[in-house]
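Heads up: the protein sequence lines correspond to chains A and B, in order.
The first sequence begins at 1098 in the numbering used here and counts up one residue at a time.
The second sequence begins at 221 in the numbering used here and counts up one residue at a time.
Incorrect hints may appear among the rest.
[Claimed, not checked] Partial pick of chain B residues on the chain A-facing surface, computed with a CB cut under 10 Å: (1) Lys246; (2) Leu249; (3) Tyr251; (4) Gly252; (5) Leu505.
[As the list claims (entries may be wrong)] Here are a few chain A residues that sit away from chain B, every Cβ distance over 12 Å (derived from the structure): (6) Arg1110; (7) Asp1130; (8) Glu1163; (9) Thr1243; (10) Arg1312; (11) Pro1390; (12) Val1436.
[To be verified] Only pairs whose alpha carbons sit at most 27 Å apart, straight line, appear in this in silico DSSO-like list of lysine-lysine: (13) Lys1410/A <-> Lys1399/A; (14) Lys1189/A <-> Lys1160/A; (15) Lys254/B <-> Lys1317/A; (16) Lys1240/A <-> Lys254/B; (17) Lys1138/A <-> Lys1160/A; (18) Lys1160/A <-> Lys1240/A; (19) Lys1189/A <-> Lys1152/A; (20) Lys299/B <-> Lys254/B; (21) Lys469/B <-> Lys1410/A; (22) Lys1240/A <-> Lys1317/A; (23) Lys1152/A <-> Lys469/B; (24) Lys1190/A <-> Lys1160/A.
These are calculated hints, taken from the structure and not from any lab test.
Computed from a prediction, not measured in an experiment: that's the story for all the values here.
Every residue gets a Cβ at the ideal spot worked out from N, C-alpha and C, and that includes glycine.
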Amino acid sequence: MRVLEDMAKGWLRDRGFPVPPGTAAASPAEARDVAGRLGGKLVVKALVPAGRRGKAGGVVTAKSPEACAESAGGLIGRTIADHQVARVYVEKKIDIAEEFYVGFFAGGERPHLLLSRFGGVEIEGTFENRPDDVVRSELDPRKDLTEWEARELWLQAGVGGPLLRELGELTARLAAAFRNGDMVLLEINPLATDPEGRLNLVGAMMEIDGQALERQPEWKALEDPGAGATATANERELQVDEIDRTVPGGECRYIELDGDIGLLVGGGGAGLYQHDLIVAAGGHPANHCVTPPTGSDSRKLKAVIKAILGNPKTRSLLVGFNFAQMARADIRVQSLVEVIDEMGLDTANFPIVIRMFGAGEAEARALVDGRPGFHYMARGTTLSDAVQRIVTLTNETTEGAAS
Amino acid sequence: MSILVTRSTRILIQGITGGQARSDLKRSLDYGAKVVAGVTPGRGGESVLGVPIYDTVGRAVADHPVDASAIYVPPLMAKSAVLEAIDAGIGLLLLTAEFIPVHDISYIAAATREAGVRLIGANTNGIISPGQSRLGGIGGADPDEIYSPGRIGVCSRSGGMSAEIALALKAAGLGISTCVSMGGDAVTGLGMAEYVELFEQDPDTDAIVLIGEPGTRNEHDVARLVRSGRIGKPIAAMISGLFQERYPKGVSFGHAAAMIADDNDTATAKRRALAEAGVMVTSLLEEIPSLLAERGIAA
């Protein structure tokens, strides 16, 4: 879960980290008020869950509350880095003497940190072109980073002298916050000194592990439906996304593609395999998806089915699952026929191939018996057989419609 | 024989009173697996299907020597359950939970490695040595319909695909020494290359079949291992997820780990690395028996 800058900085500020004063504003008038309270020079930033906003024009400096309101008016409603801007963050501008970078990342075998004495907006270029200016270190997932280990890393990065003690202490505290806060990403860029030599967390990006939200009630409460969705997601994708966030148990996802063969799969290896086989057979999947086990709330499965069948490009459907899944075939087929009936879909010219064996199979077969368009594969046929069948049937339907 | 699990493996189940654990327990007992004890804190002294329950792993292993523990606890409890099993000296762990927080699974992987404990998973449906025993739900209600005993070792990143490859082998008259679903997450305990080494050392495995996906460095590790010359047995591999290369990087189409972050993560890169190392690579499960036959492995 990407945390927007106002929340990330509020969280860090509450824990005693040196964060410049700032507040979110939802309108030019609010931005003017905030600017009046903060005083001095200001920065107005688009609140979108994406990095590198500066390069995308999402960060503007303003010298007065009036200029601040104007900048806010220019940003709110715009699309920046694929996200529509609903609010801005108004922050006191720090006069920057030096810019450092420190980032913490989890998700691989071990968490790691990157640091550099060349922070700021050009950090991507530094990563790419000057790897010697970046220090990378793995973190022991079982231990806190110590201040002296952090000092050693900054020394390797070429930073010594009067700042070293404070940098080491701050980096160790950030590493602990990163782990205790269940973050998969914590990036401070720039970590800047002001002319008096004080360190400030001027840029802060934070992403929380969605799998840990249950033990992070503070973040759980902030969970914002749609925060992770991009402006390019269509209504069907957004609906599945919302059900995934609001209904407990399992996972559902729906990704719409350009083809015409709807794909209802579990989400693991068999889904990838069947998708490959369809493409190899000259077919074009209309979507990919992830559906939960049948022990879960059926609303998730039904949301995905509804999205697939609601896609105007979908002309057929492959329901392909691994042999002898614990999941019950009849529960899946029941959900499928319920959605078909709710939508009033005529399946006479909409071929549906089902390749699902195991528990509840006899009941599942009975549910579709006599319904037009259904092709339940014989027990023992392979995933590849089912793919050939749906590609052939889809081609026949398309040719039939064309003639 | 087999790797990791045999008919004599004495099994503990942590979280034995949960729904999935009970249902897998019944099926495991039916299959002949030696489940000797279970653990659920607060339920010590009770029993389930004749298997005694203990309050701690330490108490269970004091009464019953244990070789392996199948851990069925919710994802946020996984770390504590694994550490408890390590503490009790159990050498083989199977972790079923999906959605374990990333900092926890990193911790778990580091802790098991340091203790010399073998961890299968997380996010796995199990391991089966056909005709002998199994850990986890792999094989479902009727494993014999899918898994025949034999001399092929199988390692798959996808639990469901374990069943599909077993069926393809069975259709060709080939059986399996051990089939392990290693787990589809970005971080797992044992990696694919470590399973390959175990199969190489197993006198009752003649050939190895691997089922891979985009994401992680598992398949590249296997390629490196094979190139090192330490693997003499033939290996056939099927890597899914070619289609993902038609779409932007960073889009996850399935298992959270089955995501292309860089060019090495693609199915194409993995197929190439494996093929260059001498692994037989195919796109179709049903082709695997004929590939094995080319190397003298036949029913």
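Results of checking the hints against the structure:
1. Lys246: 12 Å, violated
2. Leu249: 17 Å, violated
3. Tyr251: Because about 13 Å separates Tyr251/B from the closest Cβ in chain A, which is outside the 10 Å limit, the hint is violated.
4. Gly252: 18 Å, violated
5. Leu505: 7 Å, holds
6. Arg1110: 23 Å, holds
7. Asp1130: 39 Å, holds
8. Glu1163: Fine: 40 Å to the nearest Cβ keeps Glu1163/A off the interface.
9. Thr1243: Nearest chain B Cβ is 17 Å from Thr1243/A, so the label holds.
10. Arg1312: The assertion about Arg1312/A is violated, with a minimum of 6 Å to chain B.
11. Pro1390: 10 Å, violated
12. Val1436: Since the minimum Cβ distance to chain B is about 22 Å, Val1436/A lies beyond 12 Å and the statement holds.
13. Lys1410/A <-> Lys1399/A: Holds. Lys1410/A to Lys1399/A sits at ~19 Å (cutoff 27 Å).
14. Lys1189/A <-> Lys1160/A: 10 Å, holds
15. Lys254/B <-> Lys1317/A: 42 Å, violated
16. Lys1240/A <-> Lys254/B: At roughly 37 Å apart (the allowed maximum being 27 Å), Lys254/B and Lys1240/A break the hint.
17. Lys1138/A <-> Lys1160/A: 5 Å, holds
18. Lys1160/A <-> Lys1240/A: 45 Å, violated
19. Lys1189/A <-> Lys1152/A: 20 Å, holds
20. Lys299/B <-> Lys254/B: 25 Å, holds
21. Lys469/B <-> Lys1410/A: With Cα atoms ~24 Å apart, Lys469/B and Lys1410/A stay inside 27 Å; holds.
22. Lys1240/A <-> Lys1317/A: 26 Å, holds
23. Lys1152/A <-> Lys469/B: 21 Å, holds
24. Lys1190/A <-> Lys1160/A: 9 Å, holds
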